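Starting from the given sequences, assemble the full structure and let the hints guide the process.
Sequence order for the protein chains is A and B. Mapped onto numbering that gives the first Met the number 0, the consecutive letters of the first sequence carry residue numbers 0 to 415. Mapped onto numbering that gives the first Met the number 0, the consecutive letters of the second sequence carry residue numbers 0 to 500.
In short, the hints are calculated from the structure, not lab data. Quantities reported herein were computed from a predicted structural model and do not represent experimental measurements. Treat each hint with caution, since some may be false.
As the list claims (entries may be wrong) - Below, computed lysine to aspartate or glutamate pairings styled on EDC-like, alpha-carbon distance capped at 16 Å:
hint: 1; chain 1: B; residue 1: LYS26; chain 2: A; residue 2: ASP91
hint: 2; chain 1: B; residue 1: LYS20; chain 2: A; residue 2: ASP85
hint: 3; chain 1: A; residue 1: LYS92; chain 2: B; residue 2: GLU30
hint: 4; chain 1: B; residue 1: LYS253; chain 2: B; residue 2: GLU71
hint: 5; chain 1: B; residue 1: LYS495; chain 2: A; residue 2: ASP149
hint: 6; chain 1: B; residue 1: LYS26; chain 2: A; residue 2: GLU88
hint: 7; chain 1: B; residue 1: LYS495; chain 2: A; residue 2: ASP89
hint: 8; chain 1: B; residue 1: LYS210; chain 2: B; residue 2: ASP342
hint: 9; chain 1: A; residue 1: LYS98; chain 2: A; residue 2: ASP119
hint: 10; chain 1: B; residue 1: LYS26; chain 2: A; residue 2: ASP85
hint: 11; chain 1: B; residue 1: LYS495; chain 2: A; residue 2: GLU141
hint: 12; chain 1: B; residue 1: LYS210; chain 2: B; residue 2: ASP337
hint: 13; chain 1: A; residue 1: LYS98; chain 2: A; residue 2: ASP149
hint: 14; chain 1: A; residue 1: LYS92; chain 2: B; residue 2: ASP28
hint: 15; chain 1: A; residue 1: LYS53; chain 2: A; residue 2: ASP119
hint: 16; chain 1: B; residue 1: LYS253; chain 2: B; residue 2: ASP304
hint: 17; chain 1: B; residue 1: LYS249; chain 2: B; residue 2: ASP283
hint: 18; chain 1: B; residue 1: LYS20; chain 2: A; residue 2: ASP76
hint: 19; chain 1: A; residue 1: LYS318; chain 2: A; residue 2: ASP245
hint: 20; chain 1: B; residue 1: LYS26; chain 2: A; residue 2: ASP89
hint: 21; chain 1: B; residue 1: LYS495; chain 2: A; residue 2: GLU88
hint: 22; chain 1: A; residue 1: LYS156; chain 2: A; residue 2: ASP204
hint: 23; chain 1: A; residue 1: LYS162; chain 2: A; residue 2: GLU306
hint: 24; chain 1: B; residue 1: LYS26; chain 2: B; residue 2: ASP500
hint: 25; chain 1: A; residue 1: LYS98; chain 2: A; residue 2: ASP74
hint: 26; chain 1: B; residue 1: LYS20; chain 2: A; residue 2: ASP89
hint: 27; chain 1: B; residue 1: LYS267; chain 2: B; residue 2: ASP324
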Amino acid sequence: MKNNLFAFLAALLLASPLLAFNTGKSILFADSYMLRAQGVEAAYWNPANLVRQKHIDFWAPGLNMGVSVANNSFDLDTYNFIVGQDYLEDADKQLILNKINGSLHTEMEAQVSLFGFTLDNMSFSSALHAMGKLALSERYLELLLYGNTDSLYVFDKGTTDAKGISYVDFTFGAGGFEIPLLPSEYPVLRTGFSVSALVGVANADLTEFYGYLQSGWDGITLHQDITLRTGFGGYGHKAMLGAACDLSQNLQLGLTLDNLWGKLTWSAVAEELQYSLVADSVYAVDIQDDFYVLRDERVAIADYATELPPEIRMAALWKDNKYSFSADYVQAFKHSAATSKVGRLSFGAQLLPLPFLPLNFGLALGNEAYPWRASYGFGLKSKGSEFGFSVQSIDSIFPGQKSKGVSFGSYIRLWI
Amino acid sequence: MKKLYLLMMAVMVLLGACQIKNPTLPKWDIELDLPLVNDRFYVSDLVDSSNIAIDSTNVLLITANGSAESDEFGPIPFTPGIDMGNIPVPGTGRELFLPFVDDDGEVEPAYAEIHAGLIRTRFANVHSSVQELKLVFHNIFTSTGAEFSITYTGDSGWISVNLAGLHLGSSSSNQVISELPVTLVVSPALPEGTTAAQFSIQANSLILFAKFRGRLHDFSLAMDSGLGGIDISYPYGIDQAVALQEASLKVYLKNYIGFNAMFTGRIKAQNEAGETRFIDIVDDNGNNYFAPAASGAQPGEITLDFHNNVSYLLQIMPTHLEMVDGVLTIDSGQVIGDVEMNDQLFCDYLINAPMTFIFHQHDIIIREEQVINITEENRERIRKNAVWAMLQLQVQNKLPIGARARVYFSTIPTTISEDGIIGFEGFSEEMTIHSSQAEAGWQSQELSIDEAEMQILTAPTIYLRWVFSFEESNGPVTIYAGTADYIHVKGMMIAKLVVED
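Set out below in C-alpha cells:
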C-alpha cells in the first residue's frame, strides 16, 4: 500500500501547470515573451512580428523545449521533512495539511519543437505539446493521515480533478503586414496571423467526480461516481491574430488573440470510463454479504471536441542596446485544460552586459490558479546562432528548497 | 554588472545545492472507526408460533391453548337387590312384580342397555305332570325385541342367566322402571289347587348399563386420570427471568353427557424445576361450576373463567397445566337424562397472561449469532499494525427495565449448554443498560480491548453472541411489544493502526 501511495504522491509532485507556455524560451522571461519572440517563435506569440527578413531562421528539432512540474502545496523542504521523519506525529500531520488549501494541485507541461523555419515573412513549424493536471482533495489526505475520524468526507470535482491533453501542431504564420491608410502621425501598425493544424495524440478529462464517505454509528456509507472521458487520435485547428506597433524607437506594444476557432476533435478512439461504487450503511457483520454495488464500464462514445477557448494577450516591450523590459498580460475567455479566465501579469528583463551574453529574468505574478514564479536564464549569441537555457522557480524567488515546482527551458536558433 | 553574474551564479548554486532526500515514507498512525453492528432486538421477536403473542394494545402475552378430554363415562352401575325364594307356582301359572330399585338409590332407569349382569333362578319340586315351565319378563327384551324369558330345563338347582345384550324398557320412555312384571307360565295347566313348582329368583349383584336413560341421584364419577393438559414453552428461557403478575385462564367445557353435572377438581401447574401449584376449580365466588346437559348430539357448554388465583398459579411460569382430581357429580332430580358408557367431557384451555412481570436476573441469550469475516490482509494489518483498540457501544433501551448486555467475541461458533452457559474462545465485554425511564436516549460505553484480546481479532471469522440479563425489578413491569419496544445496540470498533511498509 505504501509503495502505491508513494507512487501516487510522486506522480502528483511531478505534474505541472496547464497554463500553457507556447515555446520553451518563454520560460526565460516567466511568460513575458510576446514581443520578444522572433522568427519561428513569433508564429506562436505574435505573428505580426514575422517581418520580412533575408535570412532563414531554423528551429532545431527537440532542442527548443520547455518542461515544467509544479504543485500548489509542497516545497522541497516539506518533501525532505516528510521523508526524513521516522514517525509522523500529529503536529507533523497538521503541518502537512496546513500546506494545502483545500486541494493538492499538481501540474505538468512540456513543449518540444519538432521542426521550424522561416521564409521571408512566413514561417512553418511543428511542436509537441503535453499538459496534465491532477487535483486531490485535502480531505483524502486527512483520511490518509488521520483515518476516518470525521463523520463525513465529501469529494467533488471542485477539489478533485484530472485532465490531460497532448497534441502536435503544424503552424503556418505570416506577418509584418502594415495597416495602410493610417494617418502619417500614427505609428506603423503591423499585423500577422498564424493558423495551426492540430493532431491530437491523447486526451483524458474527468468529466464527473462526486463522492462521499460517511462513517459513524449508522455504518459506513460510501458513494463514488467517476466519469473519465478519454480520446486517442484527433484533429483540430486554431488560429492567432496579432498586432504590434513601435511607439518609439524603444517602446513596442502588442496585442494577440489566440486560439481562435480552436478545438480538437477526438475521433480515432473515444471512450468513457464510468465507475460507480455504492455501499450504504455497512457494518462489519454485513461484509460477508454483497454489501456494495460496483459498476465499472468502459463504453465507446461519439467523437467529442476539446475546446481551446480564445485568449487575449497584451504586451509592452522597452529596450535599448543593453537592456530590455517587458510586461505581458494574458486572460482567456473561458477555463479549459490550457487556459484560465483569471488574468495574470508577468514581467521580463534582458540584460546584455556583453553583446554575446544575454542574461534573462522573469517574474510572473500569481493568482488563485497560478502560483507566482521567477525565472533566470542566460545564453550565448552570435551572428548566426543563439542558444541558452533557463530555470524557473515556482512560489519561491530562487529555485531551491522552497520551490513548489521548477521549469526548465532551452533554445537553439540558427539563421542563415 | 558583476553583481548580475553573481546573482546568476547564486541561482545555479542554489539549484545545484538542492537536496532531495530518498523517498522513504515515514510511519504514522491512523485511527479507524469501524462500525461493527447495528441491531435492534425487538420485544416482538419473542413472539413465537406457540406461546408468546401480542394483544391489541401491544402488550406481550404469554398465551397457551389446547384441548383435553376426560376419561369415558364408563358403564352405569345398578344393583337391584332382588332376592325372593320358594315362591309357590300354582298349576295355572302366576304373575309377579319384582322390585327393581338401585340399592344405592343413585340410578333410576327408564331405559337401559345391559352391558353386564347376571340373574339367577331356581325351579324346585316341579309337579310330574308339568311339561313346560318358564319365566317371562315383560319389560326386558332381547335384541330382536322379544320378551326375555327363562325356561325350566329339568335342573332343580340354581341357574345363572347372562343379561348382557338385553335392554330394559323403551328407548324413548320417560317412565322410570321401579319393578319388573314377570309371568310364570305352566303347561299344561294343572287342576286348580295343584302346585306346579317352587320358584326362587336372585338379581342382587351389580348390573352395568352401557346405555342409560333415566334419573341419576348424587351420582359421582371420579376422573382418575384427569383431563389431560397443555404444555407451555418459553422462548429465550424467559420463564427463568420473570414472574408473572397477572393472568387469566379460561376453560371451555363441552359436556357430551345428557345430564347436568357439577364439576369439581383442581388445576395443577408444574414448572420446569418440578415446582407445583394448585387452584380449585371454582368461580370467583367460590362456587362450583355446573356443566349443562348435552342435547342430543349437541354438547352442553360452559366457560370456566378464572381470574382470582390464576396469577398465583402462573407465577411459577408453568410448563404444564392440567386439571386433576376431577369429579363429576350428577343429580338429575326428576329430570330424565341420557348417558352412554363412552360419553366424555371435552375441554379447551386458553391462558392469557399479559407480560406484567417481576423480573429476575437471568440471561436471555439471543438465538442468532453474528459472523464477521476478516480478510487475510486485514488480519495481517491487525496483527502487525494495531496499537490499541477500543469497543464503543451505544444502546438505546426502549423498555421500562434496565439490563446488562454482554457480547461474546469468539473465534469459534459459540455454544449454549443446557444450563445456559456460553461456550466460546475469545473474550467478552459487558455494559449496563439503564431503563427507558432512567435514560431515554442513547447510552454510551467504552470498553477497552487489551493486547491479548486484540489478537482474537486476527482470526478469519469472529462470532458475536449477545446476552441480555434484565435487572431485578422492584415491582411489576408491563412489557409492550410494539414497533417502538426494543433494545437498539450499535457497536463500533475504534483501532489505532500504524501505517508502514
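Taking the hints in turn, this is what the structure says about them:
| no. | hint | verdict |
| --- | --- | --- |
| 1 | LYS26/B <-> ASP91/A | 11 Å, holds |
| 2 | LYS20/B <-> ASP85/A | 13 Å, holds |
| 3 | LYS92/A <-> GLU30/B | 13 Å, holds |
| 4 | LYS253/B <-> GLU71/B | 13 Å, holds |
| 5 | LYS495/B <-> ASP149/A | 15 Å, holds |
| 6 | LYS26/B <-> GLU88/A | 9 Å, holds |
| 7 | LYS495/B <-> ASP89/A | 13 Å, holds |
| 8 | LYS210/B <-> ASP342/B | 10 Å, holds |
| 9 | LYS98/A <-> ASP119/A | 52 Å, violated |
| 10 | LYS26/B <-> ASP85/A | 6 Å, holds |
| 11 | LYS495/B <-> GLU141/A | 15 Å, holds |
| 12 | LYS210/B <-> ASP337/B | 8 Å, holds |
| 13 | LYS98/A <-> ASP149/A | 20 Å, violated |
| 14 | LYS92/A <-> ASP28/B | 10 Å, holds |
| 15 | LYS53/A <-> ASP119/A | 6 Å, holds |
| 16 | LYS253/B <-> ASP304/B | 14 Å, holds |
| 17 | LYS249/B <-> ASP283/B | 12 Å, holds |
| 18 | LYS20/B <-> ASP76/A | 10 Å, holds |
| 19 | LYS318/A <-> ASP245/A | 11 Å, holds |
| 20 | LYS26/B <-> ASP89/A | 12 Å, holds |
| 21 | LYS495/B <-> GLU88/A | 13 Å, holds |
| 22 | LYS156/A <-> ASP204/A | 11 Å, holds |
| 23 | LYS162/A <-> GLU306/A | 13 Å, holds |
| 24 | LYS26/B <-> ASP500/B | 8 Å, holds |
| 25 | LYS98/A <-> ASP74/A | 9 Å, holds |
| 26 | LYS20/B <-> ASP89/A | 22 Å, violated |
| 27 | LYS267/B <-> ASP324/B | 9 Å, holds |
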